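Please model the complete structure; the sequences and the hints are all you need to start from.
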Amino acid sequence: MGSSPSASSLSGFAQRGRPPASERDGQLQGVLTRLRGALPTQSQSGQRVAGYILDHPQDVIHASVSEVASASEVSEATVVRLCQRVGYSGFQDLKVSLARDLIEPIKLIHEEVDPDDDVRTVSEKVIHGDVQALTDTLRVLDGVTLRRAVDIIGKAERIEFYGVGFSALVALDASYRMQSLGLQAVARTDSHMQAVAAALAGPHVAVIAVTHSGSSKEMVDALRLAREVGAATICITSFTESPVTGYADVVLQSAAAETMFRSEAMASRIAQLSIVDVLVVCAGLARMDRSLEALERVSRALALKRF
1 MGSSPSASSL
11 SGFAQRGRPP
21 ASERDGQLQG
31 VLTRLRGALP
41 TQSQSGQRVA
51 GYILDHPQDV
61 IHASVSEVAS
71 ASEVSEATVV
81 RLCQRVGYSG
91 FQDLKVSLAR
101 DLIEPIKLIH
111 EEVDPDDDVR
121 TVSEKVIHGD
131 VQALTDTLRV
141 LDGVTLRRAV
151 DIIGKAERIE
161 FYGVGFSALV
171 ALDASYRMQS
181 LGLQAVARTD
191 SHMQAVAAAL
201 AGPHVAVIAV
211 THSGSSKEMV
221 DALRLAREVG
231 AATICITSFT
241 ESPVTGYADV
251 VLQSAAAETM
261 FRSEAMASRI
271 AQLSIVDVLV
281 VCAGLARMDR
291 SLEALERVSR
301 ALALKRF
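Those letters in the sequence shown? Residues 1 to 307, by the numbering used here.
What the hints contain is simulated information worked out from the structure, not anything from laboratory work.
Note that the structure is predicted; figures quoted are calculated from it, not measured.
Cβ coordinates follow ideal geometry from the N, Cα and C atoms, glycine included.
Misleading hints may appear alongside valid ones.
Beta-carbon label-pair distances, calculated as ranges [as the list claims (entries may be wrong)]:
| no. | residue 1 | residue 2 | range |
| --- | --- | --- | --- |
| 1 | R100 | V196 | 43 to 51 angstroms |
| 2 | S70 | G202 | 21 to 29 angstroms |
| 3 | H62 | L285 | 38 to 46 angstroms |
| 4 | E73 | A99 | 18 to 26 angstroms |
| 5 | H128 | Q84 | 26 to 34 angstroms |
| 6 | H128 | S89 | 32 to 40 angstroms |
| 7 | S123 | D151 | 36 to 44 angstroms |
| 8 | S70 | E124 | 39 to 47 angstroms |
| 9 | E124 | R100 | 24 to 32 angstroms |
| 10 | Q92 | S123 | 22 to 30 angstroms |
| 11 | S75 | V196 | 47 to 55 angstroms |
| 12 | R224 | S299 | 34 to 42 angstroms |
| 13 | G154 | R300 | 22 to 30 angstroms |
| 14 | S191 | S75 | 39 to 47 angstroms |
Written as C-alpha cells, this is what we have:
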C-alpha cells in the first residue's frame, strides 16, 4: 500500500498550482502516445496512417497531408479524421505538437535490456523506463479532464475503485489513500463483488475502474451496471477508445511501453499510481481542513503500531 498524503504534500501542491502544459499553451502533447493508445480500435485505413506516423515521426513533421496520405495509401480525409480521433483539430495541429515532442531538449531513452547488461545498467534502463511512462502520461493528461474527475470525487458520498489482476493493486492503494483523507472509499477486486456493488450503486456513488487494456469484460460490465443505475463513472486506462470508455463519464489516460521482461500492463502501474496520486492530492486540497484533520488522526493511529 502507498503511504497517505502528508499535510506538506497537500500544501506544496497548493503553492505550485501550475496548470499542465496542455492548458498553458493550448496544444495537446504526447502525439505518439495518443496514437499508440488509439491504434487497436481504428479501422484498417486509420491503422495504416497511425502506423506510418509512429514509424516515421521525423518525416511526418516535414510532410504535407497529401504526402502522408499517399505513403499510407489512404485518402487525405482519412488522415484528418485520424488526427481528430486522437484529439487534434487536424493534420497541421498534430504536426505542430509532434514537432514539439521530438525537439524537446531533454529526452529519456528507454532501451531494451540486454542479457550482457550488468545490474547497474539494468537498473538505469528500468528506472528510465518508469520515468518515461510518467513523462508520457503527463503529456496526455489534460487539466479539464482531471478537473471533471476531481469534481465527481468531491461530490460523491462513496467512492468505489474496481480493478483485477495488476490493476487490483492500484485500486487497493487508491481506496486506502482516499480513506486516509476521511473519504468513504472502498476497493472491489473480485468480479462478482464488482457486479453486485455496481448494480447497487446510485447517483451518490463514484465508480472508478482501473484497467490497462480497457477491454477487461469484468471492468466493462461493472462500469456499465454502475452507469445504468446513475453512478458517476471514471476509468483509468492506456487505451482511450477501448470498450470500457464507452461507459465512462471521464477517461484518464495512462501511458507505458512494453519491454522484454515487463508487459505494458505491468509498466502501466507506475503511470496509474501517479494518476491516483494526482486525484488524491486534488481531493485533499478541495477539502483542506477536513483532509488535514483526517491525516492527523490517521497518523496518530498508525503511530501506535510502531515501536
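For each hint, the structure was consulted:
no.: 1; hint: R100 x V196: 43 to 51 angstroms; verdict: holds (47 angstroms)
no.: 2; hint: S70 x G202: 21 to 29 angstroms; verdict: violated (53 angstroms)
no.: 3; hint: H62 x L285: 38 to 46 angstroms; verdict: holds (43 angstroms)
no.: 4; hint: E73 x A99: 18 to 26 angstroms; verdict: holds (24 angstroms)
no.: 5; hint: H128 x Q84: 26 to 34 angstroms; verdict: holds (33 angstroms)
no.: 6; hint: H128 x S89: 32 to 40 angstroms; verdict: holds (33 angstroms)
no.: 7; hint: S123 x D151: 36 to 44 angstroms; verdict: holds (40 angstroms)
no.: 8; hint: S70 x E124: 39 to 47 angstroms; verdict: holds (41 angstroms)
no.: 9; hint: E124 x R100: 24 to 32 angstroms; verdict: holds (26 angstroms)
no.: 10; hint: Q92 x S123: 22 to 30 angstroms; verdict: violated (41 angstroms)
no.: 11; hint: S75 x V196: 47 to 55 angstroms; verdict: holds (48 angstroms)
no.: 12; hint: R224 x S299: 34 to 42 angstroms; verdict: holds (39 angstroms)
no.: 13; hint: G154 x R300: 22 to 30 angstroms; verdict: holds (26 angstroms)
no.: 14; hint: S191 x S75: 39 to 47 angstroms; verdict: holds (43 angstroms)
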